[in-house]
Structure formats: structure tokens, C-alpha cells
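Protein chains: 2
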Amino acid sequence: MERRRTRPVKVGSITIGGGAPVSVQSMTKTHTHDVSATVRQIEELTELGCEIIRCAVPDARAARALSDVRKRAPIPLIADIHFDHRLALRAIDAGVDGVRVNPATIRNKEGLRAVFRSAAAARIKVRIGLNSGSVRPRSGLRVKTDTNKTDVAELMVREALKCCRMAETEGCRSLVLSFKASDVPATIRAYRLAAEQCDYPFHVGITAAGPPETSLVKSAVGIGALLAEGIGDTIRVSMTGPPHDEVNAGIAILEAIELRGRRGPEIISCPTCGRCTIDLQAIVREVSKRLEGCPKRIRVAIMGCVVNGPGEAAEADVGIAGGKNFGYIFRRGTKRGKVPAPQLVDALMAEIEEIP
Amino acid sequence: MERRRTRPVKVGSITIGGGAPVSVQSMTKTHTHDVSATVRQIEELTELGCEIIRCAVPDARAARALSDVRKRAPIPLIADIHFDHRLALRAIDAGVDGVRVNPATIRNKEGLRAVFRSAAAARIKVRIGLNSGSVRPRSGLRVKTDTNKTDVAELMVREALKCCRMAETEGCRSLVLSFKASDVPATIRAYRLAAEQCDYPFHVGITAAGPPETSLVKSAVGIGALLAEGIGDTIRVSMTGPPHDEVNAGIAILEAIELRGRRGPEIISCPTCGRCTIDLQAIVREVSKRLEGCPKRIRVAIMGCVVNGPGEAAEADVGIAGGKNFGYIFRRGTKRGKVPAPQLVDALMAEIEEIP
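Those protein sequence lines, which keep their order, are chains D and E.
Take the first sequence: its letter number 319 is residue 1430 in the numbering used here, and every next letter is one higher.
Take the second sequence: its letter number 256 is residue 1367 in the numbering used here, and every next letter is one higher.
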């Protein structure tokens, strides 16, 4: 899958764009001024695989905490700024690795210019991050589409590119852009549109995507669709839930589209049908449980019958292809034995243990 | 989002392709010869929104049951055939609405021709359904890609199109094609490749996608990415779990990409951050619970602060935009009141109840 060519932008030790691996980021849900709680959450998220963290900076108290958070955070820290450009200036002074500004909420345009100048001087990146929710109410623009609705995608892209021109004028070219709508088609439309018009890397996500169950599908569809087109340099899954779930979901999306190696075993298992004579669902549940925390990056095929079983099992590192109340065990294409159904899980686990 | 132009293919009362709505299908996991259990499962899945059902036909006993299943099934019935073309002929005689054949498992090519002739005479559709697992072992072909691996995508498309020519020769043009790999990029590659070469509608899915948690992300990414490119006329999510979860996931994917109206309320809610001073996660959980089973197709925004809150709340049918220990209630863009945090859920639900 060919990726969109973007210019590389450094954020601390991480590069966004320019062919760098797509990074996973999240945002703390603690009060930023509570340094201990914030740092603890950042450490937990880092442990899970989060690579860039963002903290809200709603007031001076939060801005003052940034310097301490920055010193103790193991990954690059981005300050999230709305409304008041002075908070961005303070964040830059505090030594953050980047700031995110939303030009739709910062009305003081001279102030915004000062932020870009300050970021350029500090050699840190700025994300120009538009959201459907903030661009909608304040904009007098009403772009009409063929469905005769305001096209929030066009509004976001227009605002962002206008802001890019402003940043460039101030000497700031370390820019990352985002255009997040709460509906998937508008988000996809915005990123596609912007991809034609600039070479800045994109931070991709669906905003206000809802509780975990809802967000998982919306985010996987939206972020996945863009990544499949080569669009997206860093991603954030937004969920009304623990940030840990956001990080896990982000990594799972990258794993699914194979932009990141798996953290552990991948289970390939069939849905079962009227053809299946072993209790495959129970086998898969048991194997999944026993493989929890296993760091081996192997492909484990657990297939119910001879239709796709031998083929998938042959391509996998280890596999079961079910027969009539028994199963064949495979190891990298070689049949290792015929095992009665009740012993299949043990036999499979024994094979997996032998793999270095 | 423009959809790929495909020829319409009728399956009982449902049209696949030709601009028809993308349909959701699943497969029974009962033994097909157990007519009562099979029909009961089909009825349950229909209730959830499943529009086409497929049953495995591994033997003569299953084939004999098809006629009864067909009579009692409320939605079109497809017979799933591998290996033995005679089972397909029996299924057609039993009056099924379509058959699925996998040319990679049916070695008797004259037999396969007879199936296409019989389907043409019965005026029913045939799905030519390739899977990575069945195409891999039997094919002597080893197509090399730039990554120097066998490209299972090319193999599947080549086999399917060869089979289309055979079907056309026998007068059968009611064809639906599928190319399902157990990895997402190969699946996407196959459908893109085939889309350039024919106008038959596509049945889209990721095969052997694993247990529900794994499958949900892989399927949402893979099916979602294809739908976002306009590819896909009917979908099936494969999960090692209850078929009910497959149907729910399929519908959720179509809802996310807005190819289908929502079954009930959609919750737009922010992930919360250091800016949020109300317990938004608890509010979202409570509202989700209270809205369970609600048939109103409304957009409910539950936003933690003033950044995107008023914007999303204004665009939604009803909404909360959180403030400092209170929240504003919105109704279609109009502010309805300022409510203390503990009463927000009740106030929101009262607004929702007023909506007809």
C-alpha cells in the first residue's frame, strides 16, 4: 500500500510523516495541573504503546504544570490549546515538544501569529487541528454541497490551509494538520481534499466518536479507510472511556492494516458453519486465554473444517484444521499429527511453546 | 461517496449491486440438516437486520433439508457449496435463492459448468467465492509481488475471473464475486484489482477474521476501507462467535460509513480531557443505558466542554455541552437551559422524550 508523500516533522524523538512509521497517540484525561496523576497516566499509556501524549491546557494552572509533566513524561508531550493563544506561548516556554492549536477557537489572529513565531524559534511542531464542532458555529461560511448541507469538510480544510499560510509567513513549517468530524464520511472527505493541496503530514481521527463500542467501529472504519488510501501519519482514537482503550484500539487498527507488526500472536479463526463438527468457539476462547500476554509474534490458525483449514493452517506458524471430531495440527505447512478434539488445545499449545 | 457501478443481481426479494442498498448477510452456525434449529437461527438473525442467509451444505443430508429451510426462512437463502458440485445441483432443485461455489475446491470443472447451466435455468444467482485459505494450497501458481511473496490477491482474482468466463459460456450472468483473505491488505488489494476488470457486484468480507474483538477491528477496517472507495454491494462479517454479533457488526459498519440509516439514537460524545469538569463517562454510560432499545433515529451530543460542545450540540437533535459543574441543554441548535451536573441526564432524557 503506497503512502502519501509527506514532509517529515519531528516531535521530540518521534518523526511524523516523511515515511516514518504511523505513530499512535492519545490524550490524558486527568486534570493537567495534577502533575502526579497526569504523569502516572502517561506512564501507563506509554507502557501500552502510546508514542505521543497530549494534555489539555485550559488555564494558567495547567500551563504551569507542563514543565514538570514534560520532565517526567517518557514520550513527547503536546500542549492542547483553545481560545487563548497566551497559553500556547506559556506551553512553548515550558518546553513542550509541540502544541496543538485550533484556529477556529482562537480569535486573536495576531496572537496566533505570535504562537507560530515562538514555535519556529523553539523549533517545535504545531498541529493545526480543526474539528467539526468548533468550525460549525462560528463560521459565517455556508458551503453548499450536492446534498444541500453545509460541508463541514470543506470548511475545515479551508480554515486549516489559511492557517498554514499564516504559519509559513511566520517561518513555521513544522506543521501537522487534522480535520476531524464526528461523522466518518465528512472526515474522509476532508482528509482526501487536503491531501491534494499540501504535503504536510496528517494526524487522523474521528472526533467525539462516542463510547468504546461505537467509537471502535467508527474509528476503525474512518482511520482504516484513510490509511488504506495511504493517508495518515499519526493517529488518535477518541473514546468516551479510559485512554488505555484508545491506545489499544489505535494499535489494533494499525495491526489490522499491517502498518505495524503485531504485539503478540494473531489468531486466524473461521466463523464456523454447518460444516464444523468440533467446538471451535470454545477452542478459540481457550487458546486466546492461554496466549494472553504471550509476546511471540506468530500467526495461529484455528479452522473448523477442510475447506480453508489446511490452507490457512499451512500459511500460519501453527494451526489446527478441524475434521470429524478430531483436528490436524500443522506447523509452518507441515502436518504434525491427528489429534482427538478434546486434546487439540493442549497439542496446539505444545507446538507454540516449541517456537523460539 | 460515489459507488462503483455494478450490474444488479437479484437474490429472492433482495437486489445486490446496481445501486441497491448494501445488504448485510450472515451464515447459520447450526447443522443445516437440523431444520428447526437452522430456521430458528435465521429468524433471530432476520429480527436483528440480516437480509440474506447462507447455510453450509456439506452432505446429502444438508441438501435434503434445504427445501424445508427455504420454505420457512423469512429471507433469501443461499447454499454454500465446496468440493462436490452435485450438492449445488441438489440445492438448486430444492429451490434456494442462490448458491455460492468456490471454484478452488470444486475440481470437477464439467460439474461446475453444469451448476452454472442449472442456475441459469432456475434464474438464480451464483456467488463465485474465493478464499485465501482454499486458493493457497492447491494452486501451482506462485505470483511474485515486490515483497517477493505469493500474492494471494492476484491468485483469487485470476481464478474468479476465469470462473466468470465459464459461467458466461453457460449462460449464467447473475454472478456475485468475493475474494476474501484473512489479512486485510490482501483483501483490499484483491477487490481493487477485480473492480478494474468486471462490473459484477461484490460480496465483501475478511475471512477467518478471528474472535469478535479481533474480527470487529479487522472487518471494520477492511470492509470500511472498501466501502469508502465505493466497492462492495453486500457484506458479511466473519466472527468466531454467535452469528448475531456478525449481523450487529455488519450493520454498525454500514451505519458508520452512512450507507444505512441508524437503527436508533447515535451518541456523539467527546473523549474528555483535562478541560472537563463533569463526569462525562458516567453520563454517557447512563444515557446509553436509558436509550437502549429506543427506536428514535436521533443524534445525541454529549460533550464535556465549550471547545466543541456548543458546535456539536447545535448540530445534533439534542445535546449537552458541559461547563463548570453544570451543562447547557440544546435542542436542534437552540439552548434550552443551564442544568446542574447531577440533573443533566434527566434533563436530556426529558428533551428526548419530547421528540416525536
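Just so you know, the hints here were simulated from the structure itself, not pulled from any lab data.
Please note: incorrect hints may appear among the correct ones.
Identical chains share a label here; the pair holds if one copy fits it or two copies do between them.
Claimed, not checked - Once the Cα atoms are required to be at most 30 Å apart in a straight line, the calculated DSBU-like pairs of lysine-lysine come out as:
hint	residue 1	residue 2
1	K1446	K1121
2	K1435	K1273
3	K1407	K1182
4	K1400	K1121
5	K1273	K1182
6	K1220	K1435
7	K1182	K1449
8	K1220	K1407
9	K1400	K1220
10	K1273	K1407
11	K1446	K1220
12	K1400	K1449
13	K1435	K1121
14	K1400	K1435
15	K1446	K1182
16	K1182	K1121
17	K1449	K1121
18	K1182	K1400
19	K1449	K1273
Just so you know, these numbers come straight off a predicted model, no measurement behind them.
Status of the hints after comparison with the structure:
1. K1446 to K1121: So K1446 and K1121 fail the 30 Å test inside a copy (49 Å) and across (43 Å) alike.
2. K1435 to K1273: This pair counts as neither: shortest intra-copy Cα distance 66 Å, inter-copy 33 Å.
3. K1407 to K1182: neither (34 Å within a copy, 49 Å between copies)
4. K1400 to K1121: neither (39 Å within a copy, 43 Å between copies)
5. K1273 to K1182: neither (34 Å within a copy, 63 Å between copies)
6. K1220 to K1435: between (72 Å within a copy, 27 Å between copies)
7. K1182 to K1449: neither (58 Å within a copy, 40 Å between copies)
8. K1220 to K1407: neither (52 Å within a copy, 42 Å between copies)
9. K1400 to K1220: So K1400 and K1220 fail the 30 Å test inside a copy (55 Å) and across (43 Å) alike.
10. K1273 to K1407: Neither, since 48 Å and 40 Å both go past 30 Å.
11. K1446 to K1220: between (69 Å within a copy, 28 Å between copies)
12. K1400 to K1449: Answer is within: at 23 Å inside a copy they meet the 30 Å cutoff, but 48 Å across does not.
13. K1435 to K1121: Classified as neither: same-chain Cα gap 57 Å, cross-chain 36 Å, threshold 30 Å.
14. K1400 to K1435: within (25 Å within a copy, 43 Å between copies)
15. K1446 to K1182: Neither. Shortest intra-copy (54 Å) and inter-copy (43 Å) distances fail the 30 Å Cα cut-off.
16. K1182 to K1121: For K1182 and K1121, only the intra-copy Cα distance (18 Å) is at most 30 Å; the inter-copy one is 64 Å.
17. K1449 to K1121: Answer is neither: 54 Å inside a copy and 43 Å across each miss the 30 Å cutoff.
18. K1182 to K1400: neither (38 Å within a copy, 41 Å between copies)
19. K1449 to K1273: Classified as neither: same-chain Cα gap 66 Å, cross-chain 35 Å, threshold 30 Å.
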